[in-house]
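Enquirer: Hey, can you work out the whole structure from these sequences and the hints?
The chain contents come next:
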Amino acid sequence: MNLKLTILIAKQFWTYTLKSKPVYVMLFVICILLAYAMYSGWQSYVIQNEIRTHYQHQARESWENNPDKHPHRMAHFGSFAFRLKHPLSIFDFGMESFTGNAVFLEAHKQNTVNFSEASFSTGLLRFGEISMAMLLQTLIPLIIFFIGFASIAAERESGTLKIMLTQGASWKDILFGKSLGMLGLSLLLFIPVFVILFLWLWLSNSIVFTNDEWWRYMGIVGAYFFFFQVICTISILVSASSKTSKDALIKLLAMWLVFVVLLPKTTQAFGNYLYPSPSKVEFDSKMEKELVLKGDSHNPDDSHYKALKDSVLQAHNVSSVKDLPFNYGGFVMREGEKNSSEIYNRHLNELLQTYRQQNSVSRYTAFINPYIAVKNISMALSGTDFQSYVSFQEQAEAYRYKLAQKMNELQMEFVSNDATSSAGKSNSISKKHWVEFPDFEYQFFSVSTAVQSEISSIIALAIWTLASSGFIIIFSKKVKTI
Amino acid sequence: MFSLIAKQFIRSKTVIFIFVLILIMGITSILIGKQFLAKQEKTIAQVTRQQEEHIERNVAYHEDEFGLLMYYLRFALINKPDKLSALSIGQRDINPSLQSVTIRNLEGQKYDTDLNNPANLQSGNLDFGFVIIYLFPLLIIAFTFNLLSEENETGTWRLIAIQSKSKIRFLWYKLSIRALMIYASLAILFAIAILALSLELNGSLAQFIVLSVLYLTFWFVLCFWVVSFQRNSSFNLLTLLSLWVVLAILLPATINNFLANKYPVPEALSTMVKQRDGYHKKWDMDKQETIEKFYAHYPQYKNYTDTTEGFGWMWYYAMQQMGDDESLEQSNAMREKLMQREHASRLIALAIPTMYTQLLFNDIANTSLGDHLAFQDKTNEFHEKTRLYFYPKIFENRPVKSEDWSQFKPKYFSKNTDSHPLKLIWPLISIITIMFAGIMMNTRKI
Numbered sequence: 006m007n008l009k010l011t012i013l014i015a016k017q018f019w020t021y022t023l024k025s026k027p028v029y030v031m032l033f034v035i036c037i038l039l040a041y042a043m044y045s046g047w048q049s050y051v052i053q054n055e056i057r058t059h060y061q062h063q064a065r066e067s068w069e070n071n072p073d074k075h076p077h078r079m080a081h082f083g084s085f086a087f088r089l090k091h092p093l094s095i096f097d098f099g100m101e102s103f104t105g106n107a108v109f110l111e112a113h114k115q116n117t118v119n120f121s122e123a124s125f126s127t128g129l130l131r132f133g134e135i136s137m138a139m140l141l142q143t144l145i146p147l148i149i150f151f152i153g154f155a156s157i158a159a160e161r162e163s164g165t166l167k168i169m170l171t172q173g174a175s176w177k178d179i180l181f182g183k184s185l186g187m188l189g190l191s192l193l194l195f196i197p198v199f200v201i202l203f204l205w206l207w208l209s210n211s212i213v214f215t216n217d218e219w220w221r222y223m224g225i226v227g228a229y230f231f232f233f234q235v236i237c238t239i240s241i242l243v244s245a246s247s248k249t250s251k252d253a254l255i256k257l258l259a260m261w262l263v264f265v266v267l268l269p270k271t272t273q274a275f276g277n278y279l280y281p282s283p284s285k286v287e288f289d290s291k292m293e294k295e296l297v298l299k300g301d302s303h304n305p306d307d308s309h310y311k312a313l314k315d316s317v318l319q320a321h322n323v324s325s326v327k328d329l330p331f332n333y334g335g336f337v338m339r340e341g342e343k344n345s346s347e348i349y350n351r352h353l354n355e356l357l358q359t360y361r362q363q364n365s366v367s368r369y370t371a372f373i374n375p376y377i378a379v380k381n382i383s384m385a386l387s388g389t390d391f392q393s394y395v396s397f398q399e400q401a402e403a404y405r406y407k408l409a410q411k412m413n414e415l416q417m418e419f420v421s422n423d424a425t426s427s428a429g430k431s432n433s434i435s436k437k438h439w440v441e442f443p444d445f446e447y448q449f450f451s452v453s454t455a456v457q458s459e460i461s462s463i464i465a466l467a468i469w470t471l472a473s474s475g476f477i478i479i480f481s482k483k484v485k486t487i
Numbered sequence: 235m236f237s238l239i240a241k242q243f244i245r246s247k248t249v250i251f252i253f254v255l256i257l258i259m260g261i262t263s264i265l266i267g268k269q270f271l272a273k274q275e276k277t278i279a280q281v282t283r284q285q286e287e288h289i290e291r292n293v294a295y296h297e298d299e300f301g302l303l304m305y306y307l308r309f310a311l312i313n314k315p316d317k318l319s320a321l322s323i324g325q326r327d328i329n330p331s332l333q334s335v336t337i338r339n340l341e342g343q344k345y346d347t348d349l350n351n352p353a354n355l356q357s358g359n360l361d362f363g364f365v366i367i368y369l370f371p372l373l374i375i376a377f378t379f380n381l382l383s384e385e386n387e388t389g390t391w392r393l394i395a396i397q398s399k400s401k402i403r404f405l406w407y408k409l410s411i412r413a414l415m416i417y418a419s420l421a422i423l424f425a426i427a428i429l430a431l432s433l434e435l436n437g438s439l440a441q442f443i444v445l446s447v448l449y450l451t452f453w454f455v456l457c458f459w460v461v462s463f464q465r466n467s468s469f470n471l472l473t474l475l476s477l478w479v480v481l482a483i484l485l486p487a488t489i490n491n492f493l494a495n496k497y498p499v500p501e502a503l504s505t506m507v508k509q510r511d512g513y514h515k516k517w518d519m520d521k522q523e524t525i526e527k528f529y530a531h532y533p534q535y536k537n538y539t540d541t542t543e544g545f546g547w548m549w550y551y552a553m554q555q556m557g558d559d560e561s562l563e564q565s566n567a568m569r570e571k572l573m574q575r576e577h578a579s580r581l582i583a584l585a586i587p588t589m590y591t592q593l594l595f596n597d598i599a600n601t602s603l604g605d606h607l608a609f610q611d612k613t614n615e616f617h618e619k620t621r622l623y624f625y626p627k628i629f630e631n632r633p634v635k636s637e638d639w640s641q642f643k644p645k646y647f648s649k650n651t652d653s654h655p656l657k658l659i660w661p662l663i664s665i666i667t668i669m670f671a672g673i674m675m676n677t678r679k680i
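Line order of the protein sequences matches chains A and B.
Converting from the first sequence to our numbering requires adding 5 to each position, the first position being numbered 1.
Converting from the second sequence to our numbering requires adding 234 to each position, the first position being numbered 1.
In short, the hints are calculated from the structure, not lab data.
Certain hints may be false.
Calculated cross-link-like contacts (lysine to aspartate or glutamate; reagent style EDC-like; alpha-carbon spacing at most 20 Å) [what the hints assert, rightly or not]:
no., chain 1, residue 1, chain 2, residue 2
1, A, K285, B, D346
2, B, K314, A, E287
3, A, K248, B, E387
4, A, K291, B, E275
5, B, K344, B, D611
6, A, K114, B, D511
7, B, K247, A, D252
8, B, K619, B, E637
9, B, K276, A, E293
What follows is a list of derived Cβ distance ranges for each label pair [what the hints assert, rightly or not]:
no., chain 1, residue 1, chain 2, residue 2, range
10, B, Q242, A, D252, 11 to 21 Å
11, B, S432, A, I52, 39 to 49 Å
12, B, A585, A, V200, 27 to 37 Å
13, A, K248, B, K679, 31 to 41 Å
14, B, K679, A, G475, 13 to 23 Å
15, B, K679, A, T165, 26 to 36 Å
16, B, Q574, A, H113, 36 to 46 Å
17, A, D252, B, M573, 48 to 58 Å
18, A, E355, B, Q242, 21 to 31 Å
19, B, Q574, A, A312, 50 to 60 Å
Small disclaimer: the values here were computed from a predicted structure and weren't measured.
Every residue, glycine too, gets a C-beta built ideally from N, C-alpha and C.
Expert: Here it is, written out as structure tokens:
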């Protein structure tokens with residue numbers, strides 16, 4: 006392969022393409038869209054996080070302002086967890102619009118995470134959202150195909166291909182050169198996007214960036230670079246293997262449709278069909294039944310709690326719960342909370358496992374569809390993927406459990422066994438306990454967790470990158486000139 | 235000549251392949267709709283059984299305290315899906331079709347979602363509406379983009395120019411054979427849908443079909459208009475596909491972002507916080523004060539008094555009631571905000587056929603945001619009725635056994651489906667007419 010020649014061909018392709026007026030129109034439109042996507046992502050980040058922090062504070066203030074009271078009242082007063090948006094969600098909205106953002110955390114009960122953007126949608130969300138990631142994943146490949154389809158097929162039609170080959174250029178030079186030129190063109194959009202994003206993240210007052218986030222950023226830049234490289238090579242190879250440029254165009258558009266629209270949707274639907282997941286009614290009633298089996302702390306005749314009572318009385322060598330050194334009601338509730346949380350968590354993990362299986366069908370198509378690979382990597386690194394959704398739920402539930410148990414323990418410690426009711430001023434404990442209990446704080450998981458959860462997509466993209474160069478080499482040996 | 239053109243068209247292997255493909259996609263989408271309906275029906279059956287068991291068990295546990303029993307009991311209201319929702323699932327996968335509520339504070343229960351895999355929601359349903367809105371236009375583009383240009387490019391146009399009386403009539407023939415085939419496949423798919431889902435042949439279905447046909451006509455007219463500029467095949471294909479991307483993806487998605495940011499819904503969170511504080515803080519307040527507020531809302535209960543020292547059920551439910559009463563303003567503001575979104579998107583949709591058709595499909599199938607809001611309103615009514623029914627019984631602490639518990643079956647809500655807005659198809663018809671005029675101008679020169 007002649008490096009000089011390859012670069013010459015790349016340059017020639019570059020300058021030739023930039024002579025055409027429609028290309029400028031496309032570039033202009035894309036730039037406007039990207040600018041809007043960035044603005045809109047940033048706006049959404051600022052507005053939503055402002056709203057959520059505001060209410061997190063308000064709810065907290067209200068919590069701390071509670072007067073002295075019975076701790077079980079505080080267990081029911083409960084707290085809220087509001088999900089915060091990751092700074093990189095400006096770039097990729099991922100699944101965020103479809104996951105709930107707020108959950109009420111109280112004793113005995115695991116509430117659903119409510120108020121997703123989708124639940125406020127009028128139906129337009131069905132058409133998707135404009136984010137920088139969405140444009141880079143769906144629209145730019147289309148533009149690359151629009152520009153690339155004629156790259157070699159048109160030279161073949163006009164006869165210039167023969168001239169190039171007789172003048173000493175090898176097929177390898179031409180294919181690599183054109184791919185390089187094409188990649189250069191796509192970098193024309195790619196570089197400004199990431200430079201502006203960089204500046205935005207760096208300079209913005211409302212975003213604090215740590216090392217972890219910079220690694221995420223670099224990961225995203227890398228993933229998209231390789232993705233574009235793959236897409237550029239595909240467009241050149243298809244153009245080279247087509248008789249006419251019209252054929253090449255049709256083939257490329259069909260590929261785009263299959264990769265970007267049809268395959269992701271059908272495989273997700275298929276995963277959903279293969280691994281059916283329960284409805285809430287089904288989930289709840291299964292849990293309720295199991296809870297009854299395990300022991301119902303609300304049922305006065307329940308055998309589990311009778312046995313528990315006997316053993317506790319025996320252990321403390323007393324004949325009545327009134328003589329126990331701690332509040333027995335708090336003790337029973339602590340036990341009940343432990344049991345019900347165990348059962349809930351087991352069922353929830355089963356449910357999440359089913360969801361993961363549903364998603365796995367589409368995930369594995371990354372090996373035949375580079376779009377899926379980059380989509381999953383991009384979401385994971387932007388903190389808007391399935392794992393982030395799971396992580397929020399887990400953190401909220403962990404906090405809920407801690408809160409309920411803390412209140413139960415306070416009750417055991419400070420409330421007398423003569424207490425009959427949690428109402429009013431009797432049996433109350435100091436409000437300093439409420440203030441002491443920390444507020445919920447959502448933690449994004451680290452970049453290494455994100456990478457681990459998307460390891461298959463990363464391998465798929467790596468294979469695609471290597472294979473696309475490999476294809477050029479294989480192809481250049483077999484291709485026909487005419 | 236017409237039959238010759240038809241033969242020439244159908245003989246192509248690619249054409250057959252594309253038709254088979256669209257039929258497969260169409261049938262898949264109908265099966266997905268069927269699966270959706272089946273899942274909903276299964277849930278309905280489950281909730282009916284579950285409610286019966288649930289009431290039985292709790293009645294047995296809490297025989298002697300009506301107030302305590304009512305703390306636990308849940309009553310379901312079901313938003314029964316219209317069969318047409320299988321064709322256009324709309325917002326039905328996101329918003330629950332079922333509310334199972336206790337008579338306690340409703341604002342704390344009303345917004346609970348169903349369990350959903352967010353990845354499924356993100357990918358969206360491959361329903362028949364999707365096939366019509368996204369895939370059929372692509373089919374139309376594939377069959378019409380080179381209607382005229384292929385004749386030019388293969389050199390047959392001159393022959394036609396010499397041999398046929400009217401070149402433009404030849405083009406119309408070519409177009410109509412393609413249109414006929416595409417409408418026929420749409421008809422086949424509708425027939426399959428009717429059989430597979432045992433759809434009722436009613437006005438709603440007719441509206442759905444008319445809307446589909448008009449929408450496809452819009453695309454035919456758009457394609458023919460582009461073709462009538464007599465550019466080459468690649469140019470036409472690029473233009474049409476770009477139009478598809480703009481109309482089916484970019485424009486609606488941009489508008490979606492715009493509306494989401496223009497109308498954020500902080501009211502949802504304020505409702506959530508307010509209903510908690512409205513109820514829970516009453517525990518620390520004077521009992522009589524809360525009961526007075528309750529009397530102010532429901533003067534009919536003034537003859538009941540809570541004489542117990544400390545905790546009493548009347549006080550408890552009065553406190554719960556305050557959760558709803560004090561968050562009413564926030565809750566209404568939230569509904570108002572959602573209505574603003576609904577109005578804005580409908581207004582914009584008038585000019586964009588893809589969005590317009592999607593929203594109208596959802597309307598016809600009762601799967602829009604508006605339908606969900608109507609269901610929530612109905613839930614308010616249902617909840618109010620249930621609690622007013624039980625309040626006196628709780629306050630009097632009637633014997634639990636005196637109630638006929640078997641009568642509490644899940645209730646159904648279905649929206650009146652007669653008044654569908656087919657008169658609203660004028661936006662599509664006007665767009666079609668304008669483009670048709672454009673075609674006539676262009677074809678005069680051919």
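Enquirer: For each hint given before, does the structure comply? Return the numbers of the non-compliant ones in rising order.
Expert: Failing hints, ascending: 14 and 18.
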